[in-house]
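Enquirer: These are the residues of each chain, in order.
2 protein chains.
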Amino acid sequence: MEPRFPPALHQELKNRFAERYSTAQAVREHHGKDESPYDPMLPDAVVFVRTTQEIIELVHACEHYRVPLIPYGAGSSIEGHLLALQGGISIDMSQMNQVLAVNAEDLTATVQAGVTRKQLNQELKSSGLFFPIDPGADATLGGMTATRASGTNAVRYGTMRENVLGLTVVTAQGKVVQTSRRAKKSSAGYDLTRLFVGSEGTLGIITEVTVKLYPQPEAISGATVHFPTVADAVNTVITTIQLGIPIARAELLDSTTLRAINAYSKTQLPEQPTLFLEFHGSPASVEEQAQTVQQIAQEHQGAEFQWATQPEQRSKLWQARHDAYFAALQLKPGCRSVTTDVCVPISRLAEVIETTRQLLSGSSLPAPLFGHVGDGNFHCAILVDPNNAAELAEAERLNEAIVKTALEHDGTCTGEHGVGLHKMAFLAQEHGSDMLDLMRAIKQAFDPLGILNPGKIVSPA
Amino acid sequence: MEPRFPPALHQELKNRFAERYSTAQAVREHHGKDESPYDPMLPDAVVFVRTTQEIIELVHACEHYRVPLIPYGAGSSIEGHLLALQGGISIDMSQMNQVLAVNAEDLTATVQAGVTRKQLNQELKSSGLFFPIDPGADATLGGMTATRASGTNAVRYGTMRENVLGLTVVTAQGKVVQTSRRAKKSSAGYDLTRLFVGSEGTLGIITEVTVKLYPQPEAISGATVHFPTVADAVNTVITTIQLGIPIARAELLDSTTLRAINAYSKTQLPEQPTLFLEFHGSPASVEEQAQTVQQIAQEHQGAEFQWATQPEQRSKLWQARHDAYFAALQLKPGCRSVTTDVCVPISRLAEVIETTRQLLSGSSLPAPLFGHVGDGNFHCAILVDPNNAAELAEAERLNEAIVKTALEHDGTCTGEHGVGLHKMAFLAQEHGSDMLDLMRAIKQAFDPLGILNPGKIVSPA
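If you read the protein sequences in the order shown, they are chains R and F.
Heads up, the first sequence is in my numbering, so the first residue is 1 and it goes up one at a time.
Heads up, the second sequence is in my numbering, so the first residue is 1 and it goes up one at a time.
Just so you know, these hints were derived from the structure itself, not from any lab.
Even glycine gets a Cβ: it sits at the ideal position worked out from N, Cα and C.
Check the hints yourself; a few may be wrong.
[As the list claims (entries may be wrong)] Derived coverage of chain F by chain R (criterion: at least 3 residues anywhere in the stretch with Cβ under 8 Å from a Cβ of chain R; other residues may be distant):
1. 284-298
2. 330-338
3. 370-382
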């Protein structure tokens with residue numbers, strides 16, 4: 001199929017990229033959707049790039065023809081980030097997948113944006129180091145940077161905000177900038193690294209990422225513990241955090257999620273509110289942390305503390321946790337998920353989760369609840385038949401009500417999934433219109449032609 | 001004395017602020033200088049503000065008359081940030097000194113920008129919490145935010161970059177924005193919090209700061225240890241960091257600095273390269289960390305490990321460290337300091353410090369060397385007679401050579417002091433002109449009239 005965009009551009013890219021330029025329907029469909037419940041919106045073409053230089057050429061071509069560009073990592077974003085609202089070119093980063101440098105002495109690695117988190121950790125294995133940020137999917141480091149992703153380890157190690165040290169970015173003018181040196185800290189001007197982290201492809205195209213690494217902990221201990229109520233589980237985590245215990249992972253899964261996981265991962269975990277915990281440190285420190293948290297859990301009716309000290313047991317446990325979203329989808333064949341992502345101060349978490357559960361209990365839609373409660377962040381995967389308008393509307397109504405509750409409790413509409421299309425309407429509620437004007441001013445300053453992932457985060461004035 | 005700026009504005013501000021508006025020479029002199037070696041450049045007037053609303057009024061007035069505004073905290077900045085290059089109004093924040101909220105359960109505090117770090121910790125004392133960031137001076141939280149400050153604890157707790165959760169800012173248009181809710185993480189749009197952190201008054205006027213707090217450690221242990229050479233001390237720290245030991249403070253002081261401290265603080269520390277160390281954690285963890293580091297130090301010829309376990313001993317130790325800069329100034333009566341602030345990846349630290357020492361040894365100017373070597377960051381206080389042009393030129397030549405060395409080793413020209421006037425020339429070397437163009441684009445987008453601390457960080461295109 002011929003793309004809608006200028007035939008001259010089509011010809012130019014075909015000549016330049018040959019078989020790495022595609023307008024095939026299947027390829028466009030693959031690149032015009034993500035894990036959001038939206039119907040696909042296809043790009044006109046897909047280019048599989050290999051170098052920063054190729055991206056510069058693409059930007060210059062698209063600048064000339066005013067054609068949108070949307071960077072594509074693993075396609076695992078959740079809020080419609082990748083949808084080609086105005087057509088254009090999807091830049092597939094999967095062939096930019098080299099780990100460029102591991103500076104073990106400095107605890108840093110520099111990777112091309114298409115490297116995935118699992119690939120990086122695989123390549124780090126012999127170094128004694130690891131990269132902690134772990135969204136559910138095996139996302140690319142470029143995509144994780146662009147959405148300011150986090151995951152189960154963020155309670156201890158922070159999010160991409162804290163763990164990106166510097167970026168190589170191609171600007172909307174086709175310039176290449178390196179946002180920072182590898183020094184651990186710097187106060188050399190405006191923090192463009194942090195500005196590009198979370199910019200969702202709207203301010204520049206991230207081609208290389210330098211991240212912090214951590215020594216693999218001397219000792220690791222994992223555990224599951226079950227509770228009669230979600231509130232008991234949440235209160236266990238709140239107390240743990242408030243005591244300053246450096247817990248590495250503190251994940252809540254409700255009974256519906258456990259049911260989904262048991263079916264999907266062939267586990268036999270009790271189908272009741274459960275915490276998945278992990279402790280990192282020296283053997284003495286891990287022992288100390290684990291004992292303290294066990295005691296806190298017991299004070300909140302936690303039972304059946306099961307330890308996973310062997311690497312295989314722990315891998316199985318965390319793989320099951322990472323698969324929770326995919327497991328949830330299996331609860332309702334053919335469904336898609338409207339996934340909420342609110343995050344609130346931890347003192348407000350118990351009441352926000354309680355209100356959320358009341359909201360969900362008034363709906364017929366299944367909605368497993370799970371998340372990173374150590375950070376005050378949790379998700380509901382509200383499962384809908386994508387062809388059923390009433391279900392979609394119901395899910396959006398629930399999402400709105402949950403966001404409203406979070407905002408009323410000093411929280412954010414999105415803890416780690418980003419804005420994309422799906423959260424744009426909430427940004428004004430969260431930040432106010434003057435903040436949005438500042439964001440628009442940045443977008444306008446960086447991308448005056450509006451060719452970088454247009455229509456995401458903030459709409460033009 | 002009548003101000004140079006519009007008489008109508010003078011009258012307006014005099015009517016509005018009465019005795020909190022001053023054009024007195026002494027007041028203007030006090031607000032037209034900082035700890036940099038520059039000659040003072042006086043603002044035309046100083047306003048002592050009490051509320052965000054008053055700042056809005058000031059901005060509207062200055063917008064109307066195109067008159068510069070420079071926020072003033074404690075006057076302890078080091079790079080000429082406060083100098084009124086184009087005259088205008090210094091906004092003295094010292095009366096906005098209320099701790100607005102301590103949310104102990106969430107480990108956050110919200111303060112007015114004029115609160116100082118010592119004041120905040122004093123008010124936190126009974127809460128069991130503390131705020132770790134500690135530049136040498138008793139700076140204000142607003143100023144620390146504006147310069148992206150750090151200090152001795154950053155190796156463990158991060159800098160202002162990691163510890164500011166949200167800000168209230170008055171924009172150049174006189175709008176008030178809150179950059180973030182109090183949730184621990186968020187991916188709700190561009191990270192304006194991090195953009196204002198380190199913006200040095202050039203993008204907006206920070207009026208309130210929400211910061212992270214930490215539980216006072218259950219156990220704390222401090223120590224000094226002496227080494228035959230600076231290299232031995234540095235290598236002790238490098239090994240400690242690379243092993244992932246969560247050391248809370250790891251400060252290097254060279255023998256000249258020790259001599260200055262002994263004279264200034266009436267201590268009797270051996271005048272040789274010394275590490276000041278501190279360990280935070282549970283009693284078991286502190287014990288474990290301290291033993292490991294002691295062993296590492298011994299492998300690098302560290303001797304006379306002296307422990308300071310009592311709070312009074314530790315306070316004295318760290319007060320002496322914080323006073324190092326002021327102690328250094330006493331080495332040369334009437335001097336001022338050209339203070340370097342490079343930061344490099346820790347694998348490069350030993351050679352950069354060695355090169356720096358060679359550069360300094362070729363000069364007749366005294367230049368005590370000290371700093372946060374756990375972060376790869378160190379300072380030389382190059383002491384000059386401010387009336388001696390040859391000494392000033394020599395100090396700048398040394399500073400340039402040290403910056404050049406740092407940049408050649410993947411470092412930054414400024415780890416924590418900011419750009420101000422003094423580092424502007426280095427920014428292009430560090431970042432390249434395309435990065436500076438992006439910074440200029442942000443400045444232009446936020447402050448098109450150029451009234452916010454003009455002439456700092458980046459000059460207009």
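Enquirer: Can you name, in rising order, the numbers of the hints this structure does not satisfy?
Expert: 2
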